[in-house]
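**Q** Chain by chain, the residues run as shown.
Protein chains: 2
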Amino acid sequence: MTDQSAPLDMLGRARLTGVAAARTMLLSQIADLRPETETLPLDQCLDRVCASQVVAPEDLPPTDRSTMDGFAVVAADTFGASQSMPGYLDIDGEVLMGEAPEGKVARGSCCKIPTGGLLPEGADAVVMHEHTVPVDDRVVEIIKPVGSGANLIRKGDDIRRGAVAVDAGRLLRPQELGLLAGLGVIEVEVFTRPRVAIISTGDEIIDYRQQPPPGKFRDINGIVLSSLVRRCGALIKDYGIVSDDEASFFATVEEAVHETDLVLFSGGSSVGMRDLGEQAIKRIGNPGILVHGVSLKPGKPVIIGLCNKTPVFGLPGHPVSAMVCFDFFVKPAIEAISGTLPTSIITQPSVQARLQRNINSAAGRLDVVRVQLRLSDSELQALPILGKSGAISTLSEAHGYFLIDEESQGVSNDDLVEVYLYQ
Amino acid sequence: MTDQSAPLDMLGRARLTGVAAARTMLLSQIADLRPETETLPLDQCLDRVCASQVVAPEDLPPTDRSTMDGFAVVAADTFGASQSMPGYLDIDGEVLMGEAPEGKVARGSCCKIPTGGLLPEGADAVVMHEHTVPVDDRVVEIIKPVGSGANLIRKGDDIRRGAVAVDAGRLLRPQELGLLAGLGVIEVEVFTRPRVAIISTGDEIIDYRQQPPPGKFRDINGIVLSSLVRRCGALIKDYGIVSDDEASFFATVEEAVHETDLVLFSGGSSVGMRDLGEQAIKRIGNPGILVHGVSLKPGKPVIIGLCNKTPVFGLPGHPVSAMVCFDFFVKPAIEAISGTLPTSIITQPSVQARLQRNINSAAGRLDVVRVQLRLSDSELQALPILGKSGAISTLSEAHGYFLIDEESQGVSNDDLVEVYLYQ
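Residue numbers (the numbering used here), protein chains in the order written: chain F, 1073 to 1495; chain V, 1073 to 1495.
Looking at chain F on its own, in the form it has when it is part of the complex (with noise of 0.2 Å):
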């Protein structure tokens, strides 16, 4: 290893840091970094994240309101009612659908009212309509007694006003939106989402859509890394394919650093393009690297730098490597700069299946083996993608991935693994 920066170790090889120490160290730095805000209308906040917490201006339900079609009754006046014994009440009137009720409910009369109807004065629950039976247009057979407060919903029920309806840092959701919308909120101050520098690094690297001539391939991991990106609501900002000419290439990241809230450049898995992406971190500084080479299969080359503020990653070139490392690093980096509140429920979807080979691990490190999934007499099978370093196809035929952790040596066939899936 021609490795300088990094700690050595007795053998004199640069020693590795763990995948939690490497992640803890990341975020621990950028714990307080908050994005700009700014204030958009409700209708364009979806999966956006709430900058200020909302509060509720009002009650909703504004009014009592009837949950059921039926009639709105004193509740009193229908104790003891049965099928048998029948209580009888004058009709008085009807609630119509969005009008505001006239008159108000004396004992021994009701109302008619439909679901969602306003509750009249007087009355204090709602006598389902299948717990009725009319007697003529004027007069009800109640034959089952209700309690006050069946069948409503109370002013404030849902939410009160000075109620906390949306906190900072909550993803605004379909459910949030309707909430918002249901309190007459017409617009959210939301956090901008942050912007995402895409670097590709390497003269052996030309863009997709060209011929490559011999010795030259198609970049794959620009397309990848934006995607992998825009799938966290990030914005791109694309630097196309940098030379690994010293002098373009150190421009590059410092124009980046300067006009992204996060730089991403890959490519450089040859130790030539590795040292050049550290001087390029180191140069900028403040504080420059945090973190070089990780315990972690594939992904050991990443590079994890802070410049100004700006999370900055040198990711490996092959695309299964830097996929890896997107997920274990980039992803929530980008969530911690988007404003969203760390949550401690599990969202990435898993199943658990039946490992089918033995997999060797070294002890200290992580391993992430990617799998094909089948369906064998109703249990799930784990096939290891293996033999392939860097193909791209592995990644698209892989359903997922499990872990072998740093403390253990490997697994067995037919343990059972839990699989990552990938969506």
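If you're looking for bench data, these hints aren't it; they were derived computationally from the structure. Treat the hints with caution; some may be incorrect.
Copies of the same chain are indistinguishable here, so a pair counts whether it falls within one copy or spans any two.
Unchecked claim - With a Cα cut of at most 25 Å, we get these calculated BS3-like pairs of lysine-lysine: (1) LYS1216 <-> LYS1288; (2) LYS1216 <-> LYS1309; (3) LYS1184 <-> LYS1372; (4) LYS1354 <-> LYS1309; (5) LYS1288 <-> LYS1227; (6) LYS1354 <-> LYS1227; (7) LYS1369 <-> LYS1216.
Go by the hints and put chain V onto chain F.
**A** Chain V in isolation, oriented as in the chain F frame:
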């Protein structure tokens, strides 16, 4: 019940359809609907559905490449090499990144090569840099043997010319776009995104941006359903709020059936409104109503129809019921008409949690119980959110839901339940 359309049971009540039966009936009716296709540049294809099989137009990689920094060798020259008995090879040039190798590797010689470099003629393996010791500029010590093919990715190893790169019906994820970019596929035929009509009904409903007079309420379902549809990757055509008036409601539904691929109307939870929705679907017909009422709580009053090959859904007015019906019926229908191949792998994230109270359920009915999750002594606990029927705030508070199936009459405190997470 005043419903005259559904078959009646012995007590004269309309019979409800089971959830699985309703979904099967719906999906079998629309199984042969296929959307139009369009051809898009690759970088606009993220999360679109591939409409026609893409076959690899060339080998990937197009030539043998090194996967390590090191020396291209004739593998046989390294046999028996060790730290104590190294082999010596003449360094005969260097493969440069991005360039075709010059000359060929003869027995007894080798060629410096970077990761990703093209294997020169004559060589059949690469010795890693770490397993060599430099002697001088012209000679290198090999301290570990390699087999033929070591540290190489062979021409076509990733994918062979003529092999299927992406099948029709596959979602184009970041990894599929990467594979296609690597193959030089610069545009893809994808299915057009379904257009979904959103109609909110009811004279009591007004646009959420307006201040409601007494008796009127802000439309919640419009924005919730639009957002859920957007998250399915479909396009929205918003028909706004339509009056309960028969003529205008029928006209709007008919227009929507002609103009879009799937129609959602909501708001009709009163019996009168449900009748109106049913009549609209019947009048357009061909064939008309598929399901009216399912044994699902919440969500019972859902109406599912098919009119001139357009699925039409009448969703309950309560946002909670509407969202449950969306998840169970509308989402699978949108996926079906999007051209996505059905997959056997469950991708809805779920966690196991310990229930914190008893809940009763009627046999023969599927209950959807929303819960909050909390972590207690490293165990997830599920706290049911009960008692606020129709409250949109409960959807925002809930982390997810669990199911009480048709065979069960309830679940008990301390039972383990599978909680499907809202994302």
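**Q** Evaluate each hint against the coordinates.
**A** Quick rundown of the hints versus the structure:
1. LYS1216 <-> LYS1288: Answer is neither: 82 Å inside a copy and 30 Å across each miss the 25 Å cutoff.
2. LYS1216 <-> LYS1309: neither (66 Å within a copy, 45 Å between copies)
3. LYS1184 <-> LYS1372: Intra 72 Å, inter 23 Å, cutoff 25 Å: inter-copy only.
4. LYS1354 <-> LYS1309: Result: close within a single copy only, 22 Å intra versus 52 Å inter.
5. LYS1288 <-> LYS1227: Answer is between; shortest inter-copy Cα gap is 14 Å, intra-copy 69 Å.
6. LYS1354 <-> LYS1227: neither (61 Å within a copy, 37 Å between copies)
7. LYS1369 <-> LYS1216: between (68 Å within a copy, 22 Å between copies)
Checked against the numbered hints above, the structure breaks hints 1, 2, 6 and satisfies the rest.
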